[in-house]
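Asks: Protein chains in written order, with the working numbering: chain Z, 1 to 299; chain Y, 1 to 461.
Everything labelled a hint here was simulated from the structure, so no lab data went into it. Watch out, some of these pointers could steer you wrong.
[Stated by the list, open to error] Ranges between beta-carbon positions, derived for each pair:
#: 1; chain 1: Y; residue 1: Asp43; chain 2: Z; residue 2: Lys30; range: 42 to 48 Å
#: 2; chain 1: Z; residue 1: Phe159; chain 2: Y; residue 2: Glu200; range: 19 to 25 Å
#: 3; chain 1: Z; residue 1: Ser2; chain 2: Y; residue 2: Lys67; range: 51 to 57 Å
#: 4; chain 1: Y; residue 1: Asn133; chain 2: Z; residue 2: Ala51; range: 51 to 57 Å
#: 5; chain 1: Z; residue 1: Arg225; chain 2: Y; residue 2: Glu251; range: 55 to 61 Å
#: 6; chain 1: Y; residue 1: Pro429; chain 2: Z; residue 2: Val267; range: 45 to 51 Å
#: 7; chain 1: Y; residue 1: Glu440; chain 2: Z; residue 2: His216; range: 47 to 53 Å
#: 8; chain 1: Z; residue 1: Met224; chain 2: Y; residue 2: Lys418; range: 50 to 56 Å
#: 9; chain 1: Z; residue 1: Asp98; chain 2: Y; residue 2: Asp358; range: 56 to 62 Å
#: 10; chain 1: Y; residue 1: Asp358; chain 2: Z; residue 2: Gln248; range: 45 to 51 Å
#: 11; chain 1: Z; residue 1: Lys94; chain 2: Y; residue 2: Asp358; range: 41 to 47 Å
#: 12; chain 1: Y; residue 1: Lys67; chain 2: Z; residue 2: Lys94; range: 17 to 23 Å
#: 13; chain 1: Z; residue 1: Glu36; chain 2: Y; residue 2: Leu403; range: 40 to 46 Å
#: 14; chain 1: Z; residue 1: His216; chain 2: Y; residue 2: Pro429; range: 20 to 26 Å
[Unchecked claim] With a Cα cut of at most 25 Å, we get these calculated DSS-like pairs of lysine-lysine:
#: 15; chain 1: Y; residue 1: Lys67; chain 2: Y; residue 2: Lys99
#: 16; chain 1: Y; residue 1: Lys99; chain 2: Y; residue 2: Lys327
#: 17; chain 1: Z; residue 1: Lys65; chain 2: Y; residue 2: Lys21
#: 18; chain 1: Z; residue 1: Lys234; chain 2: Z; residue 2: Lys296
#: 19; chain 1: Z; residue 1: Lys119; chain 2: Y; residue 2: Lys21
#: 20; chain 1: Z; residue 1: Lys65; chain 2: Y; residue 2: Lys127
#: 21; chain 1: Z; residue 1: Lys65; chain 2: Z; residue 2: Lys112
#: 22; chain 1: Y; residue 1: Lys451; chain 2: Y; residue 2: Lys327
#: 23; chain 1: Y; residue 1: Lys189; chain 2: Z; residue 2: Lys119
#: 24; chain 1: Z; residue 1: Lys94; chain 2: Z; residue 2: Lys47
#: 25; chain 1: Y; residue 1: Lys21; chain 2: Y; residue 2: Lys189
#: 26; chain 1: Z; residue 1: Lys296; chain 2: Z; residue 2: Lys181
#: 27; chain 1: Z; residue 1: Lys94; chain 2: Y; residue 2: Lys67
#: 28; chain 1: Y; residue 1: Lys418; chain 2: Y; residue 2: Lys451
#: 29; chain 1: Z; residue 1: Lys53; chain 2: Z; residue 2: Lys181
[As the list claims (entries may be wrong)] Just so you have them, the derived chain Z footprint on chain Y, three or more residues with Cβ under 8 Å:
#: 30; region: 56-63
#: 31; region: 111-123
The structure displayed is predicted, hence computed values, not measured ones. For glycine and all other residues, C-beta sits at the position ideal for the given N, C-alpha and C.
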Amino acid sequence: MSTGTIISGVLAPHPPHLVYAENAPQNEPKAECGWETLRWGYERCRKNVLAKKPDVFIVHSPHWKTVVGHHVLGIPRCDGLSVDPIFPNLFRYKYGFDVDLELAECLYDGLKAAGILTKMMRNPGFRVDYGTIASCHLINPEWNIPIVGISSNASHYYFSNEVGDEEMIALGEATRNAVEKSGRRACLLASCSLSHRHFTVESAIPEDMSQEHIYHHGQYLWDMRVLGLMREGKCAQLMAEMPDFVEQANSETKEGCLTWLMSALGVPDYPAEVHGYGSVIGTGNAVVEWDPENAKATA
Amino acid sequence: MSIVRGYIVPGRPHPLLAPEKSPAWQSLRNAYDEVGREIAQLDADLMLIYSTQWISIIGHQMQADPKPVWTLVDSEWHELGEMPYEFNIDAPFAQAYCKAAQARGLHARTVAYHGFPIDTGSVVALKLLNPDNRIPSGIVSCNMYADRGETLVLGKAAADAVRDSNKRVIAVAVTALSNRMFTQEIDPKEDHISSEKDDEWNRKILEILEHGRLEDVSQHARDFAAQANGDQRMKAIWWLAALMGQNNRYEGRVFDYQPIWGTGAAIVGLTPAERASGDLEFDEEDVEVYTGDRNVLSGAGTVADEGSEVETSSTEPSIDGAIHAEKAPRPVGAFPHARRVGDLLFLSGMGPRTPGTDEIPGGPVRDENGKPLDYDVEAQTRAVIANLRTVLESAGSSLNDVLDITCFLIDMKRDFPKFNAVYAETFGPIGATRTTIEVESLPTPIAVEFKVIAAARQNVS
Chain Z
1 MSTGTIISGV LAPHPPHLVY AENAPQNEPK AECGWETLRW GYERCRKNVL AKKPDVFIVH
61 SPHWKTVVGH HVLGIPRCDG LSVDPIFPNL FRYKYGFDVD LELAECLYDG LKAAGILTKM
121 MRNPGFRVDY GTIASCHLIN PEWNIPIVGI SSNASHYYFS NEVGDEEMIA LGEATRNAVE
181 KSGRRACLLA SCSLSHRHFT VESAIPEDMS QEHIYHHGQY LWDMRVLGLM REGKCAQLMA
241 EMPDFVEQAN SETKEGCLTW LMSALGVPDY PAEVHGYGSV IGTGNAVVEW DPENAKATA
Chain Y
1 MSIVRGYIVP GRPHPLLAPE KSPAWQSLRN AYDEVGREIA QLDADLMLIY STQWISIIGH
61 QMQADPKPVW TLVDSEWHEL GEMPYEFNID APFAQAYCKA AQARGLHART VAYHGFPIDT
121 GSVVALKLLN PDNRIPSGIV SCNMYADRGE TLVLGKAAAD AVRDSNKRVI AVAVTALSNR
181 MFTQEIDPKE DHISSEKDDE WNRKILEILE HGRLEDVSQH ARDFAAQANG DQRMKAIWWL
241 AALMGQNNRY EGRVFDYQPI WGTGAAIVGL TPAERASGDL EFDEEDVEVY TGDRNVLSGA
301 GTVADEGSEV ETSSTEPSID GAIHAEKAPR PVGAFPHARR VGDLLFLSGM GPRTPGTDEI
361 PGGPVRDENG KPLDYDVEAQ TRAVIANLRT VLESAGSSLN DVLDITCFLI DMKRDFPKFN
421 AVYAETFGPI GATRTTIEVE SLPTPIAVEF KVIAAARQNV S
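From just these sequences and the hints, can you work out the full model?
Replies: If you want it as structure tokens, here you go:
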């Protein structure tokens with residue numbers, strides 16, 4: 001078996017609004033339009049990612065929150081109905097996908113061997129979180145490539161942003177090792193927004209774009225700074241600034257997804273491609289792709 | 001009709017799914033079962049639940065699916081097993097509660113969707129406290145951004161809906177006390193509160209609750225939450241205290257206090273009593289109507305109530321600046337609700353009539369034959385302010401933008417003190433200028449009317 005590799009990493013935010021606006025056949029509510037710049041960004045990113053023919057998507061989702069360790073989806077097949085508890089009016093989605101159980105077990109074993117508390121989720125009645133579903137749909141709506149799902153451990157909340165980041169760095173390294181050991185060509189999805197202060201009201205027509213804007217100018221400034229660092233290939237600096245970003249922009253990266261991704265990608269020093277940026281109910285969201293193979297080829 | 005009993009219960013699934021694994025969890029299960037038996041004797045019409053595990057962002061949500069059916073697997077404790085449920089939700093009450101919340105300025109909506117993920121806390125509480133679904137239930141969410149004021153108003157709106165429903169209601173706050181879980185595996189048999197300090201704080205507030213002093217705990221909830229990492233900043237206590245009348249007139253009973261994976265889990269009962277335990281000391285401000293961050297979007301007044309007809313407001317002024325707010329009470333003559341001239345909004349005289357029904361909150365001042373009636377001027381004044389908010393927000397302005405008010409009362413001697421107190425709750429901090437005049441009568445049988453001038457915002461010009 002050849003050594004596996006991470007063929008791409010994607011910052012893949014999960015606002016259900018994007019799936020709603022697209023009128024995905026799996027989703028019950030229907031929209032007129034909305035959040036096009038982000039959806040078109042996802043289209044471009046999807047095209048790039050699928051062209052690389054990944055064997056598996058590994059997704060880290062902030063909406064599968066766990067306190068006692070990291071949890072990994074450990075059942076061969078997930079089918080169900082995902083209803084967003086915050087926006088049930090927008091997202092009632094029938095999902096079904098295969099889990100790459102071999103890679104999941106490999107990740108679990110690797111984490112255990114590294115002394116990182118991990119659990120396999122083996123309950124067949126488990127409902128997969130809507131963050132995982134939305135991000136995976138947006139990157140591969142055909143659902144024809146298996147998934148490995150990882151929970152978001154709450155160590156950022158229990159200790160500090162710095163401690164949480166250390167935990168996610170270790171998780172990222174273990175993920176990379178598991179991919180290499182498995183022989184898979186893996187695409188990693190960090191399912192999170194950037195700045196993350198929401199409006200607490202919703203317009204009567206949720207997709208009314210005359211009502212959509214970033215919640216606060218400070219969030220926008222932070223988002224642009226973070227995206228600038230990504231575009232310049234300064235991810236080490238981004239990771240150093242992550243605790244401040246989390247504190248000052250109420251960033252969803254607090255959940256660890258982006259730090260995990262940076263770590264798994266070996267802290268990229270090459271430019272990322274920002275496919276799109278836009279606000280969703282006040283939060284800042286970007287679709288960003290790292291292409292390690294291309295970076296290696298052009299180096 | 002009334003709250004017949006209040007309870008505080010923990011929402012983690014261990015006492016439901018795995019009591020045998022830990023003496024602490026078994027003890028809680030026994031206490032839960034005892035409370036379930038007690039509740040069965042109460043002849044209640046409704047069990048109303050606020051769960052810290054049902055997190056919302058868009059205001060507050062009320063469950064309105066009459067028969068939600070699902071099998072829940074907890075995202076953290078999936079190895080403990082499944083929680084199949086089929087509940088009996090009082091959907092009309094949910095609608096009424098939603099409207100009561102909106103009337104107090106909250107953003108609220110009902111949810112009635114197959115497969116909606118009812119949270120573990122609500123499921124655990126309902127399965128253990130109401131195992132045969134004999135009592136219809138209601139569930140309300142915990143907004144992650146809500147502060148004390150907003151949560152108090154949510155509790156008071158629940159009290160409004162309970163009063164209007166004429167039901168005997170059991171109020172249940174599903175919350176942990178201290179909420180620091182162990183982040184590592186533990187032997188369940190050795191479960192204990194994760195820190196001694198948390199344990200001491202838990203015991204302190206349980207002692208106060210045992211004396212029936214719910215409002216005292218509500219007043220100190222902020223301190224407790226900061227010191228002991230209280231579950232969702234102890235919002236559940238604020239909601240419960242507001243719903244139960246903000247007093248200390250209860251008989252308290254702590255059925256049990258145990259750890260669940262390091263968190264403080266208590267089962268407490270509060271029975272309304274005749275006599276208060278000690279005097280009330282209010283350290284915190286009280287609030288009747290929510291006036292906070294609910295107008296971020298420029299087109300405010302566009303609340304979509306799921307499961308019912310979507311209401312929209314006329315948010316655009318007509319060519320001549322006249323504003324007709326569809327959600328405000330119908331004018332009683334040929335005039336608009338407001339008119340914009342330059343940077344100012346001039347509102348027509350506004351009374352307390354309820355939009356749509358024309359009912360008068362607090363009752364009319366006279367019957368159809370002109371016979372004087374007893375009426376509640378506080379309720380009327382609150383309703384006037386709520387109507388003003390509707391018109392102002394329809395015009396893209398807000399109560400905070402009010403500059404000048406002329407108030408008309410039909411009985412200055414009788415009504416002024418109460419009117420004045422209610423007025424101060426909202427307009428005291430705003431600092432609008434005011435003139436109050438007694439008049440012999442008003443066009444409809446109401447006791448109070450406001451005439452307002454406000455600043456207009458640029459974005460609706």
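Asks: Work down the list of hints and note, for each, if the structure agrees.
Replies: Do the hints match the structure? See the list:
1. Y:Asp43 / Z:Lys30: 42 to 48 Å: 46 Å, holds
2. Z:Phe159 / Y:Glu200: 19 to 25 Å: Taking Cβ atoms as reference, Phe159 of chain Z and Glu200 of chain Y lie about 22 Å apart, which means the hint holds.
3. Z:Ser2 / Y:Lys67: 51 to 57 Å: Since the Cβ atoms of Ser2 of chain Z and Lys67 of chain Y sit about 54 Å apart, the hinted range of 51 to 57 Å holds.
4. Y:Asn133 / Z:Ala51: 51 to 57 Å: At roughly 53 Å between Cβ atoms, Ala51 of chain Z and Asn133 of chain Y fall inside 51 to 57 Å, so the hint holds.
5. Z:Arg225 / Y:Glu251: 55 to 61 Å: 57 Å, holds
6. Y:Pro429 / Z:Val267: 45 to 51 Å: 50 Å, holds
7. Y:Glu440 / Z:His216: 47 to 53 Å: 51 Å, holds
8. Z:Met224 / Y:Lys418: 50 to 56 Å: With Cβ atoms ~53 Å apart, the hint holds.
9. Z:Asp98 / Y:Asp358: 56 to 62 Å: 60 Å, holds
10. Y:Asp358 / Z:Gln248: 45 to 51 Å: 50 Å, holds
11. Z:Lys94 / Y:Asp358: 41 to 47 Å: 45 Å, holds
12. Y:Lys67 / Z:Lys94: 17 to 23 Å: 21 Å, holds
13. Z:Glu36 / Y:Leu403: 40 to 46 Å: Since the Cβ atoms of Glu36 of chain Z and Leu403 of chain Y sit about 41 Å apart, the hinted range of 40 to 46 Å holds.
14. Z:His216 / Y:Pro429: 20 to 26 Å: 23 Å, holds
15. Y:Lys67 / Y:Lys99: 21 Å, holds
16. Y:Lys99 / Y:Lys327: Holds, at roughly 13 Å.
17. Z:Lys65 / Y:Lys21: 24 Å, holds
18. Z:Lys234 / Z:Lys296: Holds. Lys234 of chain Z to Lys296 of chain Z sits at ~16 Å (cutoff 25 Å).
19. Z:Lys119 / Y:Lys21: Answer holds: Lys119 of chain Z to Lys21 of chain Y is near 19 Å, not above 25 Å.
20. Z:Lys65 / Y:Lys127: This hinted pair holds, its Cα atoms lying about 24 Å apart.
21. Z:Lys65 / Z:Lys112: 19 Å, holds
22. Y:Lys451 / Y:Lys327: Given pair Lys451 of chain Y, Lys327 of chain Y holds - Cα atoms ~18 Å apart, limit 25 Å.
23. Y:Lys189 / Z:Lys119: 20 Å, holds
24. Z:Lys94 / Z:Lys47: Distance ~23 Å between Lys94 of chain Z and Lys47 of chain Z Cα, so the pair holds.
25. Y:Lys21 / Y:Lys189: This hinted pair holds, its Cα atoms lying about 7 Å apart.
26. Z:Lys296 / Z:Lys181: With Cα atoms ~20 Å apart, Lys296 of chain Z and Lys181 of chain Z stay inside 25 Å; holds.
27. Z:Lys94 / Y:Lys67: 21 Å, holds
28. Y:Lys418 / Y:Lys451: 19 Å, holds
29. Z:Lys53 / Z:Lys181: The given pair, whose Cα atoms are some 19 Å apart, holds under the 25 Å limit.
30. 56-63: Satisfied; 4 residues make the cut.
31. 111-123: holds (count 7)
When each numbered hint is compared with the structure, no violation occurs for any of them.
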